[in-house]
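Trainee: Numbering-wise, my numbering puts 216 at position 216 of the sequence shown, and it's gapless, one number per residue.
Calculated directly from the structure, the hints in this document are not laboratory data. Do not take every clue at face value.
So the derived label-pair ranges between C-beta atoms look like this [stated by the list, open to error]:
#1 VAL133 with GLN270: 29 to 35 Å
#2 ASP180 with ARG295: 38 to 44 Å
#3 GLU90 with GLU164: 39 to 45 Å
#4 THR223 with SER140: 42 to 48 Å
#5 GLU213 with ARG280: 20 to 26 Å
#6 ALA115 with THR223: 29 to 35 Å
#7 THR96 with PRO273: 43 to 49 Å
#8 PRO116 with PRO212: 39 to 45 Å
#9 SER256 with SER215: 18 to 24 Å
#10 PRO273 with ASP181: 27 to 33 Å
#11 ASP117 with SER288: 40 to 46 Å
Remember, it's a predicted structure, so these values are computed and weren't measured experimentally. We treat Cβ as the ideally placed atom computed from N, Cα and C, and that holds for glycine.
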Amino acid sequence: MLLCSIASKVATPAQWVSLADIKSVGKSESVGHLRGKTGEEIYVAVDESFGLDLEELLRSSAYVVGKSRAGSFTSEMEDDDFEACSHWREFEAAATTIGRATHPNLVRLRAYYYAPDERLLIYDYIPNGNLYVALHGGKSPPVPWAPKLAILQGAAKALAYLHERKHAHGNLRSTKILLDDDLRPYLSGFGITRLQRRGGVGIRAEGGYSAPELSGKAASAATQSGDVYAFGVLMMEAATGKKAEMELVEWVRQASSEERSMSQLIGEVQVNPQLMAVLRLALWCTESDPEARPRMKVVVESLDRIGPES
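Full structure from sequences and hints, please.
Mentor: Structure below.
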């Protein structure tokens, strides 16, 4: 499986179009928004405004930085994000679901390609890394609080959008929040758990982001309440500057219950009323009882009350 992120500045909403057979279309011709089937190869563009030379698409698979046992991947996603799915219909169903999800803070799927030995998902290129690198990379100046809050607000809106459509992300973490040059957030990785295969089960949720009730369960067990828990951890990570280790939730909860000075606990991070409000919201999201956690719609409303989105 290969995730191919190709730069695109198109900002128009994705449109689902009638898909035409392009058996006669050569690899050097532009396939635009058509669907093609050449032998067992299938190319589908989900956005009629997106045109791509098929030869360029296939050549792009050479630009990779690593390989899994099932294929290749680019640096935009982690090694464990992709394993080959066994059937075209399964792949098509997952790609269709991903492609229909359109929100200003979701990474756009523009097209996909299927062949027996290669699967491609073509997304917009988001140029400025991810939130994990912004928080912990150490190569750039620390992200100020106002942009951090705006990143959380945008990511929350994208996740709430998915939940409103009865989806769960299932693998939320700071590496899944991609950033553009203006630090605008784009949630990535939605739908990928449907394509994951490892030993007959999906990839399990990562350590510190995993809700207690999902511990040890497959990614296919993803729930919206589990997403809310992971987003709570994400808020703690952004607010404190600490990595989302297993003990982060307990660390913040204990500090809150003991009324200790948060400024002493998180060092150089400047404590302010907005930051403390985010941490209180994060504690609500990480309640051990899934039924006690808020819905993402409530999280969005709460973050909007904390401060304006820049």
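Trainee: Hints first: check each against the structure and report whether it holds.
Mentor: Now for the hints, and whether the structure bears them out:
| no. | hint | in the structure |
| --- | --- | --- |
| 1 | VAL133 with GLN270: 29 to 35 Å | 21 Å, violated |
| 2 | ASP180 with ARG295: 38 to 44 Å | 28 Å, violated |
| 3 | GLU90 with GLU164: 39 to 45 Å | 25 Å, violated |
| 4 | THR223 with SER140: 42 to 48 Å | 35 Å, violated |
| 5 | GLU213 with ARG280: 20 to 26 Å | 22 Å, holds |
| 6 | ALA115 with THR223: 29 to 35 Å | 33 Å, holds |
| 7 | THR96 with PRO273: 43 to 49 Å | 44 Å, holds |
| 8 | PRO116 with PRO212: 39 to 45 Å | 41 Å, holds |
| 9 | SER256 with SER215: 18 to 24 Å | 23 Å, holds |
| 10 | PRO273 with ASP181: 27 to 33 Å | 29 Å, holds |
| 11 | ASP117 with SER288: 40 to 46 Å | 45 Å, holds |
Of the hints listed earlier, those the structure fails to meet are numbers 1, 2, 3 and 4, in rising order.
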